[in-house]
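Please model the entire structure based on the sequences and the hints provided.
Letter 96 of the sequence shown, counting from 1, is numbered 96 in the numbering used here, and no numbers are missing.
Every clue listed holds true.
Between beta-carbon pairs, the in silico distance windows are:
#1 Glu28 x Gly95: 39 to 45 Å
#2 Ser15 x Glu98: 49 to 55 Å
#3 Gln65 x Glu14: 30 to 36 Å
#4 Gln72 x Val6: 26 to 32 Å
#5 Ala82 x Phe9: 30 to 36 Å
#6 Asn74 x Leu30: 20 to 26 Å
#7 Thr18 x Lys53: 52 to 58 Å
#8 Leu13 x Asn74: 28 to 34 Å
#9 Leu88 x Arg2: 47 to 53 Å
#10 Thr87 x Val45: 21 to 27 Å
#11 Leu37 x Thr96: 41 to 47 Å
#12 Ile21 x Glu98: 42 to 48 Å
#13 Ser15 x Val102: 40 to 46 Å
If you are wondering where the hints come from, they were derived from the structure by calculation, not from laboratory data. Cβ coordinates follow ideal geometry from the N, Cα and C atoms, glycine included.
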Amino acid sequence: GRVDDVLAFEETLESLGTIGISGRTLNEFLRIVALCLHLSNLEFVDDHSTAGKEGSVIDNPDVLQIVAELMQINDARTIERALTYRTLSTTGPGGTVETYQVPNNPTQSRASRDALSK
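Here you go:
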């Protein structure tokens with residue numbers, strides 16, 4: 001038979017209430033579920049502005065904006081930067097630590113997105 005999404009959602013809410021998840025906790029739970037679903041919709045493409053270097057950008061900024069709102073982050077570019085770059089640290093002469101931001105290719109950015117969702 002056909003699944004009634006509204007009925008299934010109401011049953012889910014009722015079940016969550018039965019185990020004590022309601023009110024503010026329920027709202028946070030649903031926000032996090034929505035966040036994970038929207039994160040999985042982020043698409044990455046090659047960044048052609050990196051002058052021959054590997055890199056990626058988010059192809060659907062509308063979804064990125066929703067993710068930022070669900071994460072309660074004002075600047076969506078912060079999230080894009082976190083997903084499309086990785087930080088490498090090296091120890092230089094005298095034990096000084098140098099930190100670099102290295103661009104991710106689209107496959108690496110998808111892996112970062114998936115790790116965040118988990």
